[in-house]
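Engineer: Please model the complete structure; the sequences and the hints are all you need to start from.
Heads up: the sequence lines are chains P and L, in that order. Position 302 (the first sequence) corresponds to 302 in my numbering; numbering is contiguous. Position 288 (the second sequence) corresponds to 288 in my numbering; numbering is contiguous.
None of these hints come from the bench; they were simulated from the model.
Pairs of lysine-lysine residues, derived as DSSO-like cross-links and limited to a Cα-Cα distance of at most 30 Å, are as follows: (1) P:Lys53 <-> P:Lys340; (2) P:Lys217 <-> P:Lys53; (3) L:Lys58 <-> P:Lys217; (4) P:Lys286 <-> P:Lys217; (5) P:Lys340 <-> P:Lys286; (6) P:Lys286 <-> L:Lys58; (7) L:Lys158 <-> L:Lys58; (8) L:Lys58 <-> P:Lys340; (9) P:Lys340 <-> P:Lys217.
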Amino acid sequence: MGLGAAALPILGFTGGAGALTAERRVRLRALGIVIGDLQPGEHNAITDVVGVKVGHVTLIKGEGPLVEGEGPVRTGVTAILPHGGDLSRSPVFAADFTLNGNGELTGMGAVRRTGLLGAPVFFTNTSSVGAVYDGAMGWMLEQNPDLFKGGLHPEPAVGETWAEFLHDTTGRHVRPEHAVEAINAASGGPVAEGCVGGGTGMRAYGFKAGIGSASRKVPCGDQVYTVGTLVQANFGRRPQLRVDGVPVGREITDLMEERGGKTKSMLAVVATDAPLIPSQLRRVCKRVALGMARTGAISTPGSGDLVLAFTNGNRLQADETPAAHSVGMLTDRCLSSLYKGVVEATEEAILNSLTMADTMVGRDGNTIHALPLYRLVEVMRAHGRLK
Amino acid sequence: MSRLRALGINIGDYLPGRQNAITDVRGVSVGHADIRAANLRTGITAVVPYAPDIAERKLFIGRFAVDGGDAMSGLGVAEDFGTFSSPIVLAPAPVVGRVYEALIRYGLARDPGLGTETGWPPVVVGVDDTAYNEPALTYEQLTQAHVHEALANARADKVVMGDAGIGGGLQAFGYKGGVGTASRMAGDYTTGVLVAVNGGRAGALRIGGYSLLAGGEPDGPDTFVAIVATDAPLIPRQLERLAGRAVLGLATAGLWGPYTREGLVLAFSTTGIVQQERQGPTIDVLSVDEEGLYPLFASAAFAAEEAVLDGLLAAGETERLKALPQQGWPEAVRAMQQDAR
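Structural biologist: This is the structure we're talking about:
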């Protein structure tokens, strides 16, 4: 199975093999590369979990030498909403996990204390966490002026990865209103990937990366649950890169960043409609690490590899009189199938961030090349994975 | 021997259950085995969290480890899944392995029809009773039969406190230590605590918040274990929090103090996923809403504090350590509590 040679029209080449200009970016599956054996959801994205919405604000401005405070600007905000209702009054069960802690995912207070997420999740660049939190908090207070009166005290969950190689990090380019803009732009359906939102300036395995997403349908008994992952990929070194086990990073050794710089981190959010309790969601978070490892990463000491998982399959009303409510939890047998979905969706989401990202030139002419898809297909074919 | 309440001293809010013991939580029973020999006064205490006729016995549990004090078996499942399905046995540290083995055999003998993962892994907490006992002698004398004895002795009503079971070799605040227990009823739910009262420096004891006594001998092993049971439907994260609140009660009594080496609190709910029909892909469990947790947290703290004090009051005299004297201070504490109203 696989498109192989038939992928060339999809990639939109101009000229012969040696004369490619800009490849059209496509998702991994469109190249005929299939991760795992569970079926993806309709859009193969985190939004396949019904109710989940994703929105991006992308800030790209200027070129040439870095002038702190002015640009070039290569950043943005990605907002992920567990559902479109009032999250503070209708929180979802959630848990987080730190694979390697050199990063920030602010707003885990209520999540760790109560196992409840009552706010949207945001991904952005390292120096913009405060601005995004600020904007999000303003929005939350407007939605619910009684935000601090209840027992939950939700906080916006704001994660970051380091964009300094391309972006004017010290410039105050992300403003609080961008968080609100990302919330307002959030919708279901296909999720834009690559150089968008918080992933705009990011790179992985020495290729341009950023936002990626994928989903899986998980059958169990007479039910079919959906699990989806959205990542902001900013980690890994070229020789490590594996695509469905094929050591692509050892075969495409050119197109490296034209100057140094450190890759850093991965943020991942996992959504599902399967009923899980927080202790189960913490276990789900850990499986993201296994999906990440399948693409080759080792989660270095300098990485901020942080995971948040939530389910909107157990809906709680925070404003009823205190009582005991019934919540569902998957049996271990079904949890096992869900783990498989998480690993596959994480692996595919990371690879989508690579196949969907364009080459980008940022500050001081720093360049991160896109993964060349024609050559990716060639390597996969040479390893017997595509015809 | 009087209990604190009988001396007219109240700890905190809410009323105790019928026995003012962890067994007020329906389904919970406690059994002891006492081991006495030359130079040996030790024992085993088993907290059985479910009635004998319950087949599928997976319950939710949460831990609070003081200064990393996680010396228990069954940690992996308790920590990652928030569940357990075995009696919780407090035993002297040298024989944890032997107790573990005894519980495996107990489980297999009891339920030949059930899978080996039922009742596995055993939850055994090692307690430091070297104030009285040489580890080598404990290791030599304590047998698996003692574990079975403690389990066979388990009762769902009165809990013998003081020198019973694991209480035999404990010391606290310079006095003879022991097993203590208490309970509180808040709203629809009952929460009970059992404490291995072990540790606390001489002079650190607080009774009803008042420090009255200089204490006896200087300090012995400074590690404690407390078990909290509730019939409130709580899920694992909530039980972790409940365990953390119970330890507040131990701190108020002085058992967890600045010099404490380590301590462990395990909190479980008798609801959860006991006897679930596993046909569909999901199991339904009840969980108390956030606002409903706070009376439970307070219950655990008050019961824990009272359990420490009742454990001290129940301990007997020994050659090595005296029991907490019961003269003078009750009247003073009563007077101070009266003034405070």
